[in-house]
Every structure is written in structure tokens, then in C-alpha cells.
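2 protein chains.
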Amino acid sequence: MSTITPTPRTQVKRLPKRGAYDRETVFGILDEAFVCHVGFVVDGQPYVIPTNFARVNDTLYLHGSAASRMLRTLGEGVAVCVTVSLIDGLVLARSAFHHSVNYRSVVILGTARAVEDPREKMEALRLFTEHIMKGRWAEIRWPNELELKGTAVLAVPLEEVSAKVRTGGPIDDEEDYALPVWAGVLPIESVTKEPLADARLNPATPVPEYMKSYKR
Amino acid sequence: MSTITPTPRTQVKRLPKRGAYDRETVFGILDEAFVCHVGFVVDGQPYVIPTNFARVNDTLYLHGSAASRMLRTLGEGVAVCVTVSLIDGLVLARSAFHHSVNYRSVVILGTARAVEDPREKMEALRLFTEHIMKGRWAEIRWPNELELKGTAVLAVPLEEVSAKVRTGGPIDDEEDYALPVWAGVLPIESVTKEPLADARLNPATPVPEYMKSYKR
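So the sequence lines, in the order shown, correspond to chains W and B. If you count by my numbering, then the first sequence holds residues 1 to 216, one letter each, in order. If you count by my numbering, then the second sequence holds residues 1 to 216, one letter each, in order.
Since the hints were made in silico from the structure, they are not lab data. There's no promise every hint is true.
One copy or two, it doesn't matter: identical chains are merged, so the pair holds either way.
[Claimed, not checked] List time: in silico PhoX-like cross-link candidates among lysine-lysine, alpha-carbon distance up to 25 Å:
(1) K215 with K193
(2) K13 with K215
(3) K134 with K212
(4) K134 with K215
(5) K149 with K17
(6) K13 with K134
(7) K13 with K149
(8) K212 with K149
(9) K17 with K212
(10) K212 with K13
(11) K215 with K17
(12) K212 with K193
(13) K193 with K149
These numbers come from a predicted model, not from an experiment.
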């Protein structure tokens, strides 16, 4: 897939070999994750807030209550940073210094645009639901006019974007390989457990297929 | 445990019933997680970077290469936000609007202090290792003088801190409970898989007990 040209702000400087700028890597991370950390500035103080997101083509969508400070602040077109991180494992080296973490992350810089068009807004809300659980939108009640009004949707262009990826085992100093300590990777995975039915659910309601086969 | 007095900046405004300010909740989240997202501002642009951390009492430690922009910027005492998030489940409601996520998060505001005292620095490095894997510090090679010099350590006081927690099932609009769609929670957990030994590990080296029983 095509490459997103790095800017001086997104070019990975520390450990540049971990940097990636191709859409395949960036989109792969964004599509596997469903939580991002949004950074914005109010009165000189940075805030970092976890939230959901969705992506279509070169646009990332955020949403939240129209009353939320984050949504109101970002809707004014201030600078934003959206970071998405997936943790794949603990890298256990023979020295403290070379301990590390295997991860895949994406950092998006830019400014958000408030989505006002009701059709784009509804489509973004569909994307949020489908991004979290593919197949669910068709079964649930869609947002009504009041809910649409109470929800702010922001679009962040995927223009100034970089990924950073660490994979593989520890890289130790040559003389440390002789140490008698275990070294390697402890893989970490995010898994789903048995669904917990809502207390008021009709027990005859089957667990949907899209949940049984759920995997990110 | 005692309470951290909320400030106008840390008082949870959206859904205030989800806010928590007691050390038991805040420390519990910080001690279970091992990745945080650090927000800082350079030339008006917020950046959000994932990294490891450690905690002792009312201090959170960050570290990284002394050459990293994040560490250099924060070492100058600018405003920082450190956010830690744990995702516990997808909350599947009967309407799109009431879909949610069960999570536990902590937001820390303040300024960082560069740790220069070699003993505090070494102790912080021990805490990073032990925070990721309790028991490991005793077995590995400790940082030498060169490595200590190449590592910057920052201390962020846990003074202006709030937690936000969502638990439980979906809360639907009364008229939606009659809809024939499955509703409830799909729990999500972060689990470790079988350790992968480093290619250069002596196969006679046993997997340490602290790894076999690893659980966050």
C-alpha cells in the first residue's frame, strides 16, 4: 500500500528503524485497536483522554457527548494528537537496560473538523459500532434525532501520521549472553471472555454469531 | 485509604458518578497497568506517547533515553498529563447510543522533576523492572554507569489526580428493553501466553517461577 509522507513532526527520531509510514501498517494498527488516547491543550495544560474511534479511508472519527470539554475544544479546530497503542509482549533481557516492550503504535497529528452533516454523522456512528463489533449495527436501534444532536462527531485527517513497531526478542550486550538468567518474550494478548447477558435480557435471546466468533 | 483532593482540573465533570479520588482506586489502577500515555506540548502541538512507568507512594516515575525529546522536554518542568487506561469489556446495549466500554482510567496532571540523584535514579530503575515483572531485578545485570547516564528518569507527583471507572451492564432506554437483540457485556482481559525463549538462551535455563505465576 501507499506511503504517508513523514513530516519533521512525525518522522521517528528515536530508534528510526522502528518507524513505519505505509498505510498498510498504520491502518492495520488502527483497525485492530478500538481505544485511542486523545491529546489536546487547554490553558497550556495538556490533557490525554482515552476514547473510542473509527476509521474510514484516510479519516479517523472521534465522538462523544456534545457537552464534553474534549469534543467542544477539538471542534474549535485546535491542534490534536491521537495515539493508538497495542501491546504485544514483555521483552525480558539479561540486563535491566535492555528490557523492552513489543508494541505497535500510531501517532496522528493535526486538527479535527466537527462533522455537522447529518448523513456523515450517522455514517460515522455506524462506523463506531461496526468498528467495535462488526455485524451489530443491523440489529440495534439506531440514533434518533435527539441522540444525534447530543453526540458530537469529529473527523481527523490521516495526513500527518507515523507508526512505530517493536517486534522480536531482546538484544543484549555481547558479554551478557553468558549470564544464567532466562531471556525472551512473554507474549501478551487481549482476549474476550464468556459474554455476560444483561439482567433484563430475555433468556431466549441467542448470543449473536458475530459475538461468538469475535476476534480483533 | 485516603482521598486526593480533586482540583477544578481533575474533578470529573462528564458523568461525575464515575469519578474516584481515593488512593485505593487510583493506586490499584496504576499498579495493575504498566503502560501509560504521556501528553506534553511542543510549539503548541500536543504529543501523546505510550511508555512504561512505575509508582512508589505518591510518586510516578517515567524513564527513557536521555536523548528522547519527551524526556528532555518534560525534564524542563513543563506541564504534563499522564493517563493510564485499563479496558475491561464492551458494553452492548439495545440502542447504538447506549453502547459503551467498561474501563478504569487515571489522569495525572502536573509537572515532572528530573531525577538526578544516582541512588533515587537506580531505585527508580529497579521499580520499573519490578513493576513489569516482580522478582526479576535480583536475577539480571543492573545498570552500569554509562547506562545510568544514558537514561533519564522523571518523577511526577501524584497530587492532581483523578480516576474514572465504568462497570456493569448496559443502561438502556425503558422502551428499548423490549427489542429482541442480545445485550450485555463482552469482558476483555489482557493475558500472557507461553514464554518464547530467546534464540541464544541456553536451553537448560529454567523459566523463572515469577514468570510461570505471572498475573497483573
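Numbers of unmet hints, in rising order
When the structure is compared with the hints, numbers 2, 6, 8, 9, 10, 11, 13 turn out to be violated.
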